[in-house]
Amino acid sequence: MTLFLPKGTRPPGLHPAAPRVIYKTVRKNLSHESRIGRIDRSETLNEFHAFSEDFHARRPRLDPEYAGPLHNRGFLPDKGVLFDLDSPGRADQYLSDLQARILPLVNGTRQAALRNRLLFWRLHRASVAMAELVGSVQGGRLVLSGEAGLPGPFLTRPALTSDATSPSCHADLSGIDRDGPERIILRLPQWQAGQRLLRVAVIHDPGTGLPVILGATVIALTDTLGSWQVDGAGATLRVAQIDPDTGLCGPYGAMIRGSLSPTPPTEPDPAPPVANWWALRIALTGALARIPLLGVAQFDILETADSGIVLDVTDRLDTASLQRHGPLMGSDAAIRFLKEFGL
Amino acid sequence: MSATPTLPLGIDHKDYIKTLSDTEKHFAWKRYTDAFWNSDPLGGNAKAEFLFRRGFLRDKWVLYNLERHDAEAYVSDFQAAEIRQANGIYANVLDDRMLLIHTLTGYCAVPRIHALRGLDADEVSLSPEWAAHRAGRPAADLDIQILPLLSGLQGRMETVALRGGTFTGFGKEGSIHRLSNIVKDWSLASRVPYLFTDAFEQGPFMSGLFPGSKNRLSVILTRDLTSWEPLVVAAVLRFGSRRSEGRLDMAAGGMSAPVDIQSGQVGQLACLDAKNRVVHAKTHPDLGARIAGLEVPGWADIRKTLLRIVDESSYMRVAMLDFTLLQDGSLALLGPSSTEMAPYQVHAPLLQAPAFAEVLRKLAL
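Chains A and B supply the protein sequences, listed in that same order.
Position one of the first sequence corresponds to residue 1 (our numbering), numbered consecutively onward.
Position one of the second sequence corresponds to residue 1001 (our numbering), numbered consecutively onward.
No wet-lab data here; the hints were simulated from the structure.
No experiment lies behind these values; they were computed from the predicted model shown.
Wrong hints could be hidden among the right ones.
Footprint (simulated), chain B over chain A, 3 or more residues, beta carbon under 8 Å [to be verified]:
hint, stretch
1, 111–122
2, 190–202
So these bits of chain B aren't anywhere near chain A, every CB distance computed over 10 Å [stated by the list, open to error]:
hint, residue
3, Asn1092
4, Gly1106
5, Ser1127
6, Ala1131
7, Ala1135
8, Pro1138
9, Ala1161
Pairs of lysine to any residue residues, derived as SDA-like cross-links and limited to a Cα-Cα distance of at most 25 Å, are as follows [unchecked claim]:
hint, chain 1, residue 1, chain 2, residue 2
10, B, Lys1362, B, Trp1228
11, B, Lys1362, A, Ser162
12, B, Lys1304, A, Ser145
13, B, Lys1014, B, Glu1024
14, B, Lys1184, A, Gly209
15, B, Lys1304, A, Asp332
16, B, Lys1282, B, Ala1348
17, B, Lys1282, B, Thr1305
18, B, Lys1184, A, Ala289
19, B, Lys1304, B, Ala1091
20, B, Lys1184, A, Arg290
21, B, Lys1304, A, Arg141
22, B, Lys1304, A, Gly209
23, B, Lys1362, A, Ala126
24, B, Lys1018, B, Phe1036
25, B, Lys1362, A, His124
26, B, Lys1304, A, Arg290
27, B, Lys1362, A, Glu267
28, B, Lys1304, A, Leu173
For glycine and all other residues, C-beta sits at the position ideal for the given N, C-alpha and C.
Please model the entire structure based on the sequences and the hints provided.
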């Protein structure tokens, strides 16, 4: 398995790197079309094909006049509206859906832990403050790791991060469907009014050799049906951007996942800042230091009085919620990252 | 060839090798051919072509008594080498000792990780005790095991005692700094990163088998692909002898005794004698210690733990692991097993277990 490592830094314990880049990047040209034009390896070709199938399967169909430019830049239909991608120059600063599919390859041999949530929980439960994993659903069976009879609520999520099935929430274990693809079962803390979820995307900065927060958004959680709001196609999310340096938030803006209707307007006032942002950052950086070299990862952290509880880790960045208020790939670190890994 | 009827659940090895089709498998087959000509026929009337066409190494004619037994019921050496591929991208979890230690924390005792020496990087302290020894501060005495980070790669394995910043072991002694440099040379010579962990002291049951070697309980774990239930395919106790000078591999004179999966009862040991014949015995030939009829202490709990490990790790298709039992009888992880099947199959062919044969077939091994 090829290992992607930046030049110059050689973290301990890893093999010498095989070919490092995903495909060659011409230094000056970081546009989406040129990227797609350069796709030539089997893994990336597979992802492009899968993206294309996904694009054409979405309904309602887009007008070919709009569909063409979006498809050829790697964006799914709803992103045209969400990111307001009328002018071509604007699109290049955004992380496209195709890029989000290819990014996991940057993690090289460490992909396995980020690709499978069950494995990630097992490996890192000592280093990262995570929600309790009580068991999993596999092969038609419910496998519990701890004691039975614990009170909920419980969240089930696909074990594989590439599985896009939406998570679902259950008041107790008996409500969980035994069939279907493999899922992990997490025990959630009791929902409290005003609780928020922080979605933090982290990438490896080749310049410093350290993980850096690419972007962070806060998602307001609403207590629907007396349990946790769960994400999925058609769901409405209220998100605000977090400034990674200060923890201050921008205003909330709503978005409807996968929708082609116009994006609702942004609210006028800024959202409340993240409580204990620095404690959370220090905890996260500490955790990342104990996890071997990460190319890219996204953490969903429940905002708490201390430094947060990690509810999800994945290698598939959620481009929609992270970029509702602005593009991710404009910063210097992001550009260094793109150039280094050939994305 | 034997006169016994073909087992319906075995694998037609000759056909399997003949019809290998993808590049990875061809590479694996090429590695197998190298290994084949380097393997020792053990003086047996080795039918080289027969073995070669079926993916067995030359020593297996004697070890499995293929004169009398049907080769189709045995896992071939070619298949055994491919078993790690069965786990796909998760193969690393079993190969990388650090990852394995992290994954099995909480199920059984695992060695503490003290330091990691990468290939071109400096050594990294991963425990406060090691850092204290390094800095010359007062620190707890440690028994350290030094091994390659990735199992399956050739490299020196040694144990040292670390007392107050000075090490003693493998015939040398000196400062921890000197140890670092020595390991750096090993690591550069074999192109392998090295890991420093705790060395477990084996408990009375394990040392009773043969005190002069670090003995192991080796198990093969998998899942029944129809019922999805976890499964212990086989378990053996591996221990040394005077002839093997403490080594466990059978070619050197190491011994293996089967453990009954349900009861934990130990069966007769098997080993190669000085004339390279397979002998079975109830007691250890060197010390007379009773082997057959022993019961592995706490087997019911050990079995439960092993099944739990598989059950809660759905990404592991086939796992081959080595354990020991500590002073207090608890199960402790030593690391991944080598994929050599002789210690298991010298007693009974593994493909007789329909579930395991099915797993190998489904995973196209």
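Practice problem: Would you pick out the hints that fail for this structure and give their numbers low to high? | Solution: Failing hints, ascending: 2, 3, 4, 15, 17, 22, 23, 25, 26 and 27.
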